[in-house]
Amino acid sequence: MSWLSDDALARLRSAASAPDLSGTRYRLIGEVGRGGMCTVFLADDPVLERRVALKVLDVPDTDGDLALRLAREAKILARLEHPGIAPVHDVGRLPDGRVFYAMQYVEGPRLDAFAATTRNLLDRLRVFQRIVEAVAFAHDRGILHRDLKPENVMVGPFGQVLVMDWGLAKALAGDEQRASPSSTPAGPHTGHGAVLGTPGYMSPEQARGEVSRLDVRSDVYALGAILRFLLKSDDVPRPLLAVCAQAMADDRDDRYPGALALNADVTRWLNGQRVDAYPESLLQKASRLYTRHKAAVWLIVTYLVVRGSILFFSRR
Amino acid sequence: MENEPRGNFPPTRWSAIEAARSADPAERRRALDRIASVYWKPVYKYVRARYGRSPEDAQDLTQEFFASLVDRAALDTYDPRRARLRTFLRSCVDALVANSDRDAGRLKRGGGIAPLSLEYELAEGELARTGLPSPERLDDFFEREWVRSLLATAVEQLRAACAAKGKDAVFAVFECYDLDDAEPGRPTYADLARDLGLSVTDVTNYLASARRELRRISLELLHETTASDEEFRREARSLLGHDPE
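If you're matching them up, the sequences are chains E and C in order.
Under the working numbering, the first residue of the first sequence carries the number 1, and numbering increases by one thereafter.
Under the working numbering, the first residue of the second sequence carries the number 1001, and numbering increases by one thereafter.
Incorrect hints may have been included.
Stated by the list, open to error - Every beta carbon over 10 Å from chain E, so not counted as near; a handful from chain C, in silico:
no., residue
1, SER1134
2, ASP1140
3, THR1204
4, PHE1232
What the hints assert, rightly or not - Pairwise CB distance ranges (calculated):
no., chain 1, residue 1, chain 2, residue 2, range
5, C, PRO1187, E, ARG208, 53 to 61 Å
6, C, ARG1081, E, SER287, 52 to 60 Å
7, E, ARG27, C, ALA1160, 42 to 50 Å
8, C, GLY1185, E, ASP112, 34 to 42 Å
9, C, ALA1164, E, GLY92, 50 to 58 Å
What the hints assert, rightly or not - Per the computed footprint, the stretches of chain C lying under chain E, defined by three or more beta-carbons under 8 Å from a beta-carbon of chain E, are:
no., segment
10, 1053-1061
11, 1125-1133
12, 1170-1181
13, 1234-1241
It should be emphasised that the hints constitute simulated quantities derived from the structure, not laboratory data.
Backbone N, C-alpha and C define an ideal beta-carbon position, used for all residues, glycine too.
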């Protein structure tokens, strides 16, 4: 019987879990992350002379269901051609039987790490808006993400924002054919009662396992939770808190009807306009208008003071 | 993609956990041998390390433990939805040791089942090399020894399979690169090619082939010694991940 030292044990575990890339065009560089069922590796593609990320199913697939899920995720991604969503380059099966797909390798921190080093509220909101745009695009193509959270967003060094990990994505009711014509849109893992998602970012209806009832407003809830996360450490303006509250309303009928409506409210706040989610008092409205038109207000006030002074002194 | 083969796992499997509950004595014995092949060293070392038992006492307790799994149907109470098999087995060992303290001198040596033939001196030799764990690492000790035992069993099966197919060179490359604790540093593929009289391409291909086979054998062993697909998947991540959970 072989004696395995601790070092040999570590080597064997690493060797047995590393993807077998023999017979493929890729050369392994290293591991970059682990998820629920998959591990993501960095690899070199010598044909196109670029680096790619390989997402490899690394738990045993006893009934073939997991392979179908990963292949389905790749197909969904392939249909979502958007600057805010990492493109898929290739999909296949390794010599050891594991299913994988290759996608753009994204360098940069995750949103949670980005937020930890970015204090500026406007910078954070700009990133948030890029996230919402990518999600709104997916909704337009009939796809729900269902696992939106800071850990699933990457922020690149040149301002790129990419929404990652579409493993729980689901075709919207009535959009199955458009979203994924050759796959089963709602397999056993998406049936009623299956609670999939992340606590704190899951809508109440998703947490209750009402999978068949989910619509874009469930992702709107998660976007609201991401916005709340981005606002956490700042002295948060009340209108933005109201935007979060509306996005995260318990009753989905009280939420924004879609991601674009949420984005529009954030844009209104950035432009100094009235936010739909925040009913203002007269004083608050005056204060907002003053802030927005400060220069004009001071110009008018100065004009009135000068004009008044002239009138006052000319009558003496 | 949907029409491709599903990987290396047959839709039905032989489960040692199920077989241990069989009415057929031969089937139960087969199950015992399989479970013991993976778990006897962790159990023996755990008794030695956690309870400070003498080698003789630890040997008796190890035999008693595996006999109880089959003779006294201890596995009947195992529910994979509540715990991993290795967690359950460890708690059974704890209970057995507690009972043996209470019933000192009345230890049953395997009941009606023939004792397992286990090479305790090998386990003692390994304990001498690794040393006993510190008290704060005792909880991880059983898990780590389980990983060591399962992979060592898989390596032996790989060695036998290579020998049977006349692929000794494949195992030699794997042994030099992944098993040997060479000093200083790891050999390069070019070093191995020179030392073993192979081309670098052969070394690359042989190593990939051996690792692929090791993965397959390890997961098959794990498949047989887990009670459900869900447990199998979780344990596979523990086995092949960086740290056992």
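Problem set entry | Violating hint indices (sorted, rising) | 3, 4, 7, 9 and 10
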